[in-house]
Amino acid sequence: MQMTAKAWAKVALLLAPGLGLILALIGTVIYMAVTQSFGYYNLSGESVFSLEHWAEMLDRRLYFRSVQYSLYIGVLSAVFSVALAYPLAIWLRKPFAGSMLIGTLLKAPLLVPGLVAAFLFINVIAYHGIVNQLMEALGIWDGPRRLQNDRYGIAVLILQTWKNMPFALLLLTGAVQGISDDVLDAARDMGAGSFTRFRKIIAPLSLSAMQAALVIIFIGALADFSFQVIAGPTNRQSMSQLMIYFQGHGRWHDAAVVGVTLMVLALIGSAVLAVLARLLVRGERVR
Amino acid sequence: MLRKLLVAAALCVAGAAMASADDVSANEWDQTVAQAREEGRVNWFVWYLRDDLRRFVQPFEKKYGIAVTIPEGTADANAQKLLSERDREPGDIDVFTYGLNNFESLDITALFLPLDFLPEDEGRLASVSGEDGKSYILSFWGNQTGIAYDTSVLAQADLPQTAEDFARFWTEHPGKFGFNYENGGSGPSFYLNLMGAVAGVDMTSAAADGATMQSLQPGYDFFNAHADNYVVTASNADSIIRVSDGELWLVPGWEDHLAGLQNRGEVRKDIEFYIPEFGMSGGSNGVAIPRNAAHPAAAALLVHWLTSPEVQSEFNRVFGTAPMNAASDDSAALVSNTQRSRSTAWPSDELRKPVEEKFIETVILER
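Top line first, the protein sequences correspond to chains A and B.
The numbering used here puts the first residue of the first sequence at 26, with every later residue one more than the last.
The numbering used here puts the first residue of the second sequence at 2, with every later residue one more than the last.
So here's chain B without its partners, still in its complex pose (with noise of 0.2 angstroms):
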């Protein structure tokens, strides 16, 4: 009897909370805002900068009276989490962090709730560089890879802009670029799309066939040709370190780690950043909200708070990010629009991944 009970009250329970998650969409906002605050806290999965982040979001839980907890953990982790706990009622995920272009790994409309209920924003972006959020997704922090150079030895007119220049600036100036090829995504976007130009292939719609892989051929003789004039580094943030140190001058990186790094007063100031004409792929990170979310109203009141235009200027001032609200202050942001239009979509995961490993293989381990 008293085991009934329990599973009675159990299911009771796990109904009162499914029903909660599911009907945020349905109340006015001014009763989710209501709802929000009785729940009182809300669980953000982000698996970056989190101790920034959580200086960031204080003004939020000041404004709402909202304790916002992002606990540690990597974006594969907090994935593998979100799949493993999809049937649990309730999960403890309120807020799901994942890069745009990986949501597309995920049954999207399955696991999180649609956000058409949250206050209309024209401004507001769910697709980034060719990746769609679907209404279910809402990118909140735009990143931009590039070049980082260092303009005590660079002039603008100096930089080079095509497969050509580079060949060239790495004959005249042997060993003084570089580019990592792993821990971090800056180096694969550099070479990636530099293949592509060189062998005219549009890795953003390359099918992951055996053709395109043939059709590259010439990207990695490129590369294999001028091996000795650049230099492989360890990471993103060694390129970026070796650059402020004056080692290199021109190296691949990510705009908002370098600004955030400039703000931190850890590279220089007159370290600049470019995107190149033939592209790099830039994208951006969304947010979503499980539908099994123990705290869906304070779940969306976050996630409309950092989509706002305010908190993305906020975002852009802080951290360098490009705005995700197109009525944000973008005044922050290392790179002008016209260069900003040169942003490409990264490849599928099915054509980067055997590209990335032919390129380990024939070109980085032949060196």
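With the rest of the complex left out, here is chain A (with noise of 0.2 angstroms):
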């Protein structure tokens, strides 16, 4: 059918409330955002065209191991996540009693904001917290350990799959319950253990789930701000606190470099993830 141009304008008024809000809020958004890390809309000087912000970051170690630190964090939340997600996915694929009630309570940190959260888990491994109280208790440990703000942010990480974690389940239960017991019941009778049935039938077979799970919790990841603030080591600053920090000294076009940047990131990285998922899932797949 030949589209005329009232036709045009019909589905772009259609598409205009949906469209419109992506365009005109978040374009308008990252159109300051890069147009600011280049010395635009300069909030108490002069707007004009500059390199300096971004040549000047681009020379302080500061701004390499903030990213550094949030890729390192980004990565992995979403393969712990997803990793930890896929075993519990494939035992809840068949219905059995209390399975419902399982998924649900796997499902419950989706419900606790991630702050109360960073602010629990601080609690629970303090200085005199029960962590250390249990394993005092237990005579594994001689007195109290400082497990707070650890240097190498696996407080972080631990949060991060935490509360990530219900998210990729959510996403592969109904991926894997997609796969037909056939497919699966001929694999094991041609003698494929359990491994090799994950490897080379369900994860194939899910892989956009996974590509999906992996690629949105490593942007949520890589942009932590609260846990990593709350949790997150003190000789380490992800790129968030590090734009905020920016920010709260009126440094908005410094800030402006570390969003843009944060951004360019996100958008790489996913493509990267999605990527590598496909690489190493296609070479399993079954010829």
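Be a bit skeptical, because a hint or two may be false.
Not the full set, but computed from the structure, chain A residues with beta-carbon under 10 angstroms of chain B [what the hints assert, rightly or not]: (1) R85; (2) S91; (3) A151; (4) Q173; (5) A256; (6) P258; (7) R261; (8) Y270; (9) G273; (10) H274.
Rather than coming from a laboratory, the hints here were simulated on the basis of the structure.
C-beta atoms are modelled at their ideal positions from N, C-alpha and C, and glycine is treated no differently.
Using the hints, put the two standalone chains together into the complex.
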């Protein structure tokens, strides 16, 4: 059917509420951040094109360490969440007595705000928190140990995984439940063990859900602020933390440089993760 | 025609409001009190302990029949509101609170009413640690940074007082001293003053230039040399909680913050507070009345009440603040007057910002 101008206008109008919101709100924010990183929208002086802010930032270790740390948290959080969610999704694939209750409990962290979780976690690992008390009571540790704000961001990784694993589980459960019993039974008949069935059947057939989970969790964890500020290492700053630091000191252009970097890293990192997941799984696919 | 009438009416209302705000300073005090009662309400913009302060002003409300509204808002948001509505008649802010050293970023004489029409009170302070209120601002909340320590493990005689003492303490008791570099000013007060002491730089008067930054290098080196032996905490509150928990023995903190937590039973009572010999920064929060205040007389009455000796004694008792009226009772203060004399003024923002930034980059993130 030939589309007339009137028909195109109708399509455009129908798309306007959704697309318009994306273009008008997200587009303007991205536009402002990018232009501000190049010296425009100066809040306290002349707005002129300048590469100075990028040059200055690219010359600082502070910036690169922040990029490195945020990538570390983003990638590992996504991988750990998906790795933990897969066995649970497979376990919950076929309904059994109590499976709904277990599934609901596993998804409970989705309902707990991140800030609340971080504060609770800090209480648990505090110097005289229950972890230390338990380890001392069991005689494993002689005295309390300092677990808070560990230098490798392990607390942040635990929190990110705890918070995001249910989301990965939600996506993967649907995908895994969609795999026919016949396919898995056939593989079993041909002598495939559990791990082989996972590598050659389940993973390839749930690839799209895995990619979606990896990408969405990666983007969220890359831009983490609340977990980092409360439970993160004090000798590292995440990119969001660095951006807020600059903004708090009135350095909007530097904050914009960090913000734009964060967006670019989210875009590139997501693509890389999705491609890597595909390559990894495709290599295992039954030919 | 209707439009002209509306504009004229609006101008009259604005003029009347402006006149009342300016005229209140020309009134006799009795007239001001009467006018305040007529106004019946006052909006106090203060960014901290709002719930506690709402309770604290209840005696004022009861005594004068004036409702005090304390809206939500951060210090910066309140300052931005003050600036953005400076030409609005009348504005929303009747009493504006800000750190005394932060007032320097505002055009004080253009924005606020002079407060010399308040009843004379020689004990009232407008100047604290070198910050001058210039008669437009009155200090009502004295705050002081210092070191909170656990008396169950440290005696007064063991408290480090100098840079050498701290170096020794860190070496002898690794992991028992902690300070924050963000989310609160007590940690920055500690390292700024200690760096000044190590480098022989007077942080309160040093120029914000390259020479000062270079002179401070021994201070950065000092912290880097002992990096393995001290802990970096997440905030003022985190420091205090961890000393109360027994994890740390010594942490920088705010006198009023510690006293408030102790009064609420959230921190052990045997945590004490001192100002080391090299000094730590102190100051105050001030109150001022914007020229476009909608309830200027009630605002003046509230400022008068807040800065009175009785209320300052009460602030000291309830919140542990340093009284901002010489006639007040400061017996609930956590530090003696001898120690309070070690209080130093904060470095200027022009100096503080680059020094702090370099500290974060070359000390904190290098750990």
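Tell me if R261 of chain A is really an interface residue toward chain B, meaning its C-beta lies closer than 10 angstroms to one of theirs.
7 angstroms, holds
When the least beta-carbon distance from S91 of chain A to chain B is tested against 10 angstroms, hint result:
Check passed: Cβ of S91 of chain A comes within 9 angstroms of chain B, closer than 10 angstroms.
Proposed interface contact between A151 of chain A and chain B, which counts if any beta carbon pair is under 10 angstroms:
6 angstroms, holds
Just to be careful: measuring from the Cβ of P258 of chain A to every Cβ in chain B, is the smallest value less than 10 angstroms?
9 angstroms, holds
Is the interface hint satisfied for Q173 of chain A? The criterion is a beta-carbon contact with chain B at less than 10 angstroms.
8 angstroms, holds
Y270 of chain A as an interface hint toward chain B, with CB separation required under 10 angstroms:
8 angstroms, holds
Using Cβ atoms only, decide whether A256 of chain A comes closer than 10 angstroms to chain B, and label the hint accordingly.
Holds - the Cβ of A256 of chain A comes within 10 angstroms of chain B, reaching about 8 angstroms at its closest.
Given G273 of chain A was flagged as interface, is its beta-carbon under 10 angstroms from a beta-carbon of chain B?
9 angstroms, holds
Closest C-beta approach of R85 of chain A to chain B relative to 10 angstroms, hint status:
Because about 7 angstroms separates R85 of chain A from the closest Cβ in chain B, which is inside the 10 angstroms limit, the hint holds.
Hint validation: H274 of chain A versus chain B, beta carbon distance must be below 10 angstroms. Holds or violated?
6 angstroms, holds
Of the hints listed earlier, there is not a single one the structure fails to meet.
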